[in-house]
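Take a look at the letters that make up each chain.
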Amino acid sequence: MRIEASDEELMLRYGRGDARAFELLYRRHRLPLYRFLLRQVGNAATAEELFQDLWMRVVNSRGRYEARAKFTSWVYAIAHNRLMDFYRGNGRASFLSHEESESVLEDTPAAELAADLRLDRKRAVERLLAALVELPDAQREAFLLQQEGEMSIEQIAAATGVGPETAKSRLRYAVAKLRASLGKES
Amino acid sequence: MIERRDEELSHIYRDAEGPRPPQRVDDNILAASQRVASTVRRPAGFGFSRRWGTPVALAATVLVTFTLALMVFERQSGLDAIAPKAPGAVRPAKVSPAEATRASPAEPKRAEALVRSPVVEPQRADSLQKSPSVALPHAAPAQAAPSPQAAPRSDKVKAPTVETALSGERRATGQPARVPAIPPGVEILRKSEEAKPLPDAQRVFEAQQPIRPAQAPAAAPAPGVNTLRESASAVQGAVSGPASRVAVSEAKEREKWLADIRKLKTDGKATEAERELAEFKKRYPDYILPEDLR
Chain A
1230 MRIEASDEEL MLRYGRGDAR AFELLYRRHR LPLYRFLLRQ VGNAATAEEL
1280 FQDLWMRVVN SRGRYEARAK FTSWVYAIAH NRLMDFYRGN GRASFLSHEE
1330 SESVLEDTPA AELAADLRLD RKRAVERLLA ALVELPDAQR EAFLLQQEGE
1380 MSIEQIAAAT GVGPETAKSR LRYAVAKLRA SLGKES
Chain B
6 MIERRDEELS HIYRDAEGPR PPQRVDDNIL AASQRVASTV RRPAGFGFSR
56 RWGTPVALAA TVLVTFTLAL MVFERQSGLD AIAPKAPGAV RPAKVSPAEA
106 TRASPAEPKR AEALVRSPVV EPQRADSLQK SPSVALPHAA PAQAAPSPQA
156 APRSDKVKAP TVETALSGER RATGQPARVP AIPPGVEILR KSEEAKPLPD
206 AQRVFEAQQP IRPAQAPAAA PAPGVNTLRE SASAVQGAVS GPASRVAVSE
256 AKEREKWLAD IRKLKTDGKA TEAERELAEF KKRYPDYILP EDLR
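Taken in sequence, the protein lines are chains A and B.
Under our numbering, the first residue of the first sequence carries the number 1230, and numbering increases by one thereafter.
Under our numbering, the first residue of the second sequence carries the number 6, and numbering increases by one thereafter.
Hint data in this document are derived by calculation from the structure and do not stem from the laboratory.
C-beta: ideal position from N, C-alpha, C; glycine also.
Warning: the hint list may mix true and false statements.
What the hints assert, rightly or not - In silico negatives: residues of chain B with every beta carbon more than 12 Å from chain A:
| no. | residue |
| --- | --- |
| 1 | Glu13 |
| 2 | Arg19 |
| 3 | Arg29 |
| 4 | Asp31 |
| 5 | Gly58 |
| 6 | Ala74 |
| 7 | Gly83 |
| 8 | Leu84 |
| 9 | Ser254 |
| 10 | Arg259 |
| 11 | Lys274 |
| 12 | Leu282 |
| 13 | Leu294 |
Stated by the list, open to error - In silico contact screen, one side only, chain B against chain A (beta carbon under 10 Å); selected entries:
| no. | residue |
| --- | --- |
| 14 | Leu14 |
| 15 | Ser15 |
| 16 | Pro24 |
| 17 | Val30 |
| 18 | Leu35 |
| 19 | Ser38 |
| 20 | Val41 |
| 21 | Ala42 |
| 22 | Ser43 |
| 23 | Thr66 |
| 24 | Val67 |
| 25 | Lys286 |
| 26 | Arg288 |
Claimed, not checked - Which bits of chain A does chain B cover? Going by a derived footprint, with three or more residues having C-beta under 8 Å, they are:
| no. | segment |
| --- | --- |
| 27 | 1235-1249 |
| 28 | 1252-1260 |
| 29 | 1263-1274 |
| 30 | 1284-1292 |
| 31 | 1303-1316 |
| 32 | 1352-1358 |
The task is simple: from the sequences and hints, build the whole structure.
Below you can see the structure in the form of structure tokens.
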């Protein structure tokens, strides 16, 4: 049984000039990263631009990469920074000014998934994606980082440059709102 | 502090048909990554230097070593070829076997090696054996009993002068060194000769002159000549210009020697006077002695 090389190992190999290592790394992360960006910006053309720019940054950082943290944390941090630049450039300040209210979150009851949506997965997906778009940018980002990047609270906090509590709060808000959207009868 | 994932929500999210980046974006990114990787693998000249650096360095080392060895060998051969051909009386010559054997006690092995080196330098050894100085009978006792007196290093290129000839004389006769044995005129000539180097062209010409055994001793007596007369005449023959000065110096020398003999006689040292007189006659056989010393 062949053990697959870790992301960090592949990136280090690419830093030494192994193009094949980069290709493996790219194939491994291209879909989650693209989805992460697309769902954040909501526009395919912008997502493509950001996606390409993100990977170019990875390529150009090959010599400076050190396997201190997980590759996913590193690459999603780059994506986050790129998104911040994009938001600033487009005057989308909601991401930066959004503040979570713990009290509001605590008052929100845990939504139960509607019975019909348990059976109709397609409708459930549509409602979830619609609710995702409605989420504040920071909460959506936290949710997407967990789903696409398979990151923990700590990793989300590190990638987004906030404390773990803030990251946890954002994630809880996102999940609660999404569940609430799925619990409502349309 | 890991937040438990909402698995139901995750399943619904994963059911969503994931959008994919266009193929051209993939191609652009991969092409860029490969371009960069190829530059990482092969910086300018890196491949060439890594592949050929060691062989080129080795080849250069071998070439330089061989060239240097060849130069040294040629230089050595050139010196050996020149040495026996050089006229011995006036110009410096390579060490003759007689001189080599007269070297200091620390040097006899080297001197022997110089004489017995037929394998390494057969031409040189042959030339040395054919040298007139080797053929002289006076060289034999010198070889048999090397003088304990400090002699100049045999490996130096040494000019066979009247002084060296006189030292041979002293050894042959067993007499203590006589300072007057070196005629002042000859000494002056020797110094002037040493002080004035020959032009290169002349030196080369002299070096290229073949030795003619029949002529060489007459024209330029070789080192190892053991009599003052021969040495003086050699110098006279070699330096014909200031010959008159040499003659005057010799005359003065003779007169001084005779005065010394007279003084010995007057002092009652008849034996010593006789011995000195005999030596004088031996050195100047053609000289007509004054009445009081006959």
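Checked hints:
Non-interface call for B/Glu13 relative to chain A: violated, since the shortest CB-CB distance, roughly 6 Å, does not exceed 12 Å. Listed as outside the interface, B/Arg19 is inconsistent with that label: its C-beta sits roughly 8 Å from the nearest C-beta of chain A, within the 12 Å cut-off. For B/Arg29, the non-interface assignment is contradicted: its Cβ lies about 9 Å from the closest Cβ of chain A, within the 12 Å cut-off. Consistency note on B/Asp31: stated as away from chain A, yet its beta-carbon is not over 12 Å from all of that chain's, at 7 Å minimum.
Non-interface call for B/Gly58 relative to chain A: holds, since the shortest CB-CB distance, roughly 19 Å, exceeds 12 Å. Its beta-carbon lying about 44 Å from the closest one in chain A, B/Ala74 satisfies the requirement of being farther than 12 Å from that chain. Every CB of chain A lies more than 12 Å from the CB of B/Gly83, the least distance being 56 Å, so the non-interface label holds. Taking the minimum C-beta to C-beta distance to chain A, about 58 Å, the non-interface status of B/Leu84 holds against the 12 Å cut.
Distance check for B/Ser254 against chain A: the nearest CB is about 89 Å away, which clears 12 Å, and the non-interface claim stands. Interface exclusion of B/Arg259 from chain A stands, the closest Cβ pair being 97 Å apart, more than 12 Å. Every C-beta of chain A lies more than 12 Å from that of B/Lys274, the closest at about 102 Å, which supports listing it as non-interface. Against chain A, the non-interface label of B/Leu282 holds: every CB pair exceeds 12 Å, the least being about 102 Å.
The claim that B/Leu294 lies off the interface holds: its Cβ sits roughly 105 Å from the closest Cβ of chain A, which is beyond the 12 Å cut-off. Checking B/Leu14 against chain A: minimum C-beta separation of about 6 Å stays under 10 Å; hint holds. For B/Ser15, the interface hint holds, the least distance from its beta-carbon to any beta-carbon of chain A being 6 Å, beneath 10 Å. About 5 Å separates the beta-carbon of B/Pro24 from the nearest beta-carbon of chain A, less than 10 Å, and the hint is met.
Residue-level restraint check for B/Val30 holds (minimum Cβ-Cβ distance to chain A is 5 Å; threshold 10 Å). Contact between B/Leu35 and chain A, as hinted, is supported at the beta carbon level, the nearest pair being about 6 Å apart and thus within 10 Å. Interface restraint check for B/Ser38: the shortest CB-CB distance to chain A comes to about 4 Å, inside 10 Å, so the restraint holds. Checking B/Val41 against chain A by beta carbon gives a least distance of about 5 Å; that is within 10 Å, so the hint holds.
For B/Ala42, the interface hint holds, since its Cβ comes within 10 Å of a Cβ in chain A; the closest pair sits about 4 Å apart. Annotation: interface hint on B/Ser43 holds; nearest CB of chain A at approximately 7 Å, less than 10 Å. Against a cut-off of 10 Å between C-beta atoms, the interface hint on B/Thr66 is violated, since the closest Cβ of chain A lies about 31 Å away. About 34 Å separates the beta-carbon of B/Val67 from the nearest beta-carbon of chain A, more than 10 Å, and the hint is not met.
Restraint check, B/Lys286 versus chain A: the minimum CB separation of about 100 Å is more than 10 Å; hint violated. At its closest, the beta carbon of B/Arg288 sits 93 Å from a beta carbon of chain A; the interface hint therefore is violated under the 10 Å criterion. By the rule of at least three residues with a Cβ nearer than 8 Å to a Cβ of chain B, the coverage given for the segment 1235-1249 of chain A holds, with 6 such residues. Using a Cβ-Cβ cut-off of 8 Å, 4 residues of the segment 1252-1260 of chain A lie near chain B, which meets the minimum of three, so the contact claim holds.
Proximity of the segment 1263-1274 of chain A to chain B, defined as three or more residues with a beta carbon under 8 Å from a beta carbon of that chain, is established by the 4 residues found. Counting residues of the segment 1284-1292 of chain A whose beta carbon lies closer than 8 Å to any beta carbon of chain B gives 6, which meets the minimum of three for the stated coverage. With 0 residues having a beta carbon nearer than 8 Å to a beta carbon of chain B, the segment 1303-1316 of chain A misses the requirement of three or more and the stated coverage is violated. Counting residues of the segment 1352-1358 of chain A whose C-beta lies closer than 8 Å to any C-beta of chain B gives 4; at least three are required, and the coverage claim holds.
The structure shown violates the earlier hints numbered 1, 2, 3, 4, 23, 24, 25, 26 and 31.
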